[in-house]
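Mind docking these for me? Both chains are given alone in their own frames, and the hints should help you get the complex.
Each chain, written out:
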Amino acid sequence: MTPETRSGAAAGPPITGEAASAGTRQAGRSLSWLYYVVLPVLFVLVWSLLTDVMAVFPGALLPSPVKVATAFVRSIASGELTDNIAASLQRIFYADLSALALGVPIGLAMGLYQRIEKLLDGLLSLFRPIPPLAWVPLSILWFGIGTVSIVFITFLSAFFAILVSTIAGVRSLDKLHVRAALSLGASRRRLLTHVVLPTTLSSIFTGLRIAIGVSWMSIVGAELIAASSGLGYMINYYQQVLRTDLVIVGMITIGVIGLVMDLASRWIERLLLPWRQGVRLP
Amino acid sequence: MTANTKIAIAGVTKQFDGAAGAPVKALDRVDLDIADGEFLAILGPSGCGKSSLLNIIAGFERSSSGRIEVDGKSIDGPEPNRGVVFQEYALFPWLTVTGNIGFGPASRGFRASEIDKLVGRYVGLVGLQGFEQKYPHELSGGMRQRCALARCMANDPDIMLMDEPLAALDALTRVALQDELLRIWSEASRERKKTVVYVTHSIDEAIFLSDRIIVMSPRPGRIRGEFAVPFSRPRLPELRVHKDFHRLSDEIWLMLQVEMRR
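Chains as they are written, first to last, in my numbering: chain A, -14 to 267; chain B, 75 to 336.
Next up, chain B with everything else stripped away, as it sits in the complex (with noise of 0.2 Å):
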């Protein structure tokens, strides 16, 4: 553990009772850090364990064994310092945009006018002025995760936790959010840059966001491989077109290959 590591992950083991009775591993023994400020993307096939790692991370789940530190202190539940963006979007129905957005800051007892400013700087920054009074349900998914994205983001947290937050999205609509999130990401991170931890299954979305892909494997979830992505920020849309783009993106291929053929 470096001065620079904001989440330091060390032997965290996830263990359930399977149906057969024997316990199955979720996780088994990863150490990870990461630093802060770092866009790090975990890859993996499902049932790698990676959502059971951000779980964890986040504070929903306990780890059976291990532990995870953030800022050199163990974490202990939820907190507003570690926002998520779930792949479902978890908006509250009964709230409109701007009672979602605002749902952190009053949470935290902030005044509604403070509340008010915040929500619409964020209404703002993810491009849904228009849409502040809609409820979820009159939303696009893409609109519903740019929502979400605001709510967490409104808290301000040091830490965005992303739980496969574009999966449910149409193909075009997705790549859209992916320049969407890094300008999103960039804009917010302006006064103090904010660590992501960002889970997917899309070698090219991983690639595309992040600094550096951790690669997963299941049965026992676990740590498989590591690679840092070369690629200067800002990136534009036509770098998923370059040459080295896909080169990379065959390498981690192939390491996912041979970890599904084992």
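So here's chain A without its partners, still in its complex pose (with noise of 0.2 Å):
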């Protein structure tokens, strides 16, 4: 062996300078968490000096965090909070669930064959620049209020953005990586499945991601008006009644549950495709 291989794998990229800092980074980041909590923390100071010490607005149209925090826990208690979780989370399973299965095909075969983009394309980009929330009306019309309303209305946004991201997944395709596979020996069908799937996969999770973002908000978009459960409907609800703490109680959990979603689809990403980090821009 030649000392290049001894020194190699935990050297990887010879970045000038990145050994020193090693360090000084290692001691940073067991103090980082600071960083993300920092302003939280004082978003909740001054909303509690706007509310119980100045009282800028009446109490009705803008709750002290301690009433939002018992609102939360009574809202928890009684099951009404988890139920309308339960109800947004079952129909954004669905809607991606369905936009995966057909955006994944329907990007992979307008990715490789050019004739199926071009008999496609013109209708699908026309269709795409339509906000999802546009599709409330005829949507309440064709399926009612209710969960399937929902569920094709979130469908729509979430399909586009996997289809997208499936299409530019294939055109990410290596030129170089088709020639190995090849010249190794690969069948055009061996090319597909080991080739041409595991380079597309990457993106396709990145359209997951962001199609769970994208859905999530008009989950919540359509269950203030289409739908009779749900956090989105529970926030329209509560006011129209003036429970203005319920309504807060109901946006801090979307906000919640969108980024617990982020994280878990990262760390998902991260388990089943470990290849990927040496990919992402440090």
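Keep in mind that the hints were calculated from the coordinates and are not lab data. Take the hints with a grain of salt, since some may be wrong.
[Claimed, not checked] Derived coverage of chain A by chain B (criterion: at least 3 residues anywhere in the stretch with Cβ under 8 Å from a Cβ of chain B; other residues may be distant):
| no. | segment |
| --- | --- |
| 1 | 157 to 168 |
| 2 | 172 to 185 |
| 3 | 250 to 260 |
Think of the CB as a built atom: it goes at the ideal place given N, C-alpha and C, for glycine as much as any other residue.
This is the structure in structure tokens:
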């Protein structure tokens, strides 16, 4: 073995000064969670100041943090919040699953075959700019108020994110990978399953993450109008009866769940596609 | 063409449509016979068509005219008997070292136990023991190229086509890998000598590695000259400082200078 291999694995790409700064970075990392906490804490403090001390708005319009926290605990205890979370999550699950089931094969076909792309591109490009919420009126007429309508609207938003990412993934196929595979004796079929698909998989994951993000936004929007359960329905309902504490409980829950879903999909991606870390920018 | 010829190239021309609409000749009537078991270096500045020629031999591109025969049969696309090592390694980032090296045998329908045996053998040959489960992004440039070399050889090809395989590496790693490359080639050639076509723009690399050097010149890509490399094998690192080595190097350099000024 030559010296180059002995040092190779640990060193990775030789970036000058990286080793030197590693020590300080390690020390910084142990306290880095503070950065995430500073602003939220400050936010709650200011909120408390505005409500408890200065009473800028009447309590009914902007309740204090303590009041919201109390409402949160009660709403969980009564099962109301959890039921609405379950309703929204179930819808997003169905919507994103069907978006994957349709978006990936269509995206693969469009990325691989120009004719199919030309055939579908015009129609899809026309539908894509229509905001998912613009489908609400028709959706209510077709499917009524309830889960089917919401799933349909959410599906539309997720579908395009996955479709576009899948096509981009096929396009990012490296010519050299194709050549290498062919010269190693891969058949056309194996090229598809062992080169095209893995290349596309990471893009599909990116698409899924975007899809979860946009579909979570459109599901809440759709539930404001076309549902009788779910987090969107909940905040709309409590606005009408002027229980702003519960409106805020719903909003915070929406934010937290969106964040958790994004973190979870990143974690799953790292688990399933360990090699992706090398592709990502530092 | 003699009985010993492995690759016969006759009148190969490759023409592109240039930016101005005028056809550009990447290769112009190239004739070249490569002997069985020969280590041939193709040397030239960028744009001389050396990579085009290699891509045509590999079956990745078609020539505009002319004939290329391997073992007397004209080629039709890439095939595992003509292995390729790329400058950019072209390892599959989603596969580990093991997965990359086993890709060829797996593509050709070998059984899992046979693939494991081959992978173990070639991991050992290129000195990647202990890195079997690493992904390409976890390896240094030199190790990636070892892995790419092993991946190519796991198919036990008669012909290995190498397109500036060491050009992306730093100077020290590069010299170390030249020595390694010769050792690996001679070990892999123990039963049957492998023919190597090695494209490079480094004169010293061409001399150190090859039996014969073809010098090409650009616009249009043509063969300008040919040098036999007289040094016996195995070649030791000290050869690089031998006066005959430098004399040959200077001679080739002068020819390239003339070509560049034309």
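For each hint, the structure was consulted:
For the segment 157 to 168 of chain A, the assignment as covered by chain B holds, since 8 residues bring a beta-carbon within under 8 Å of that chain's beta-carbons and 3 suffice. Check on the segment 172 to 185 of chain A: 6 of its residues sit with their Cβ under 8 Å from a Cβ of chain B, so the three-residue criterion for coverage holds. Only residues whose beta carbon comes within less than 8 Å of a beta carbon in chain B count, and the segment 250 to 260 of chain A has 3; three or more means the coverage holds.
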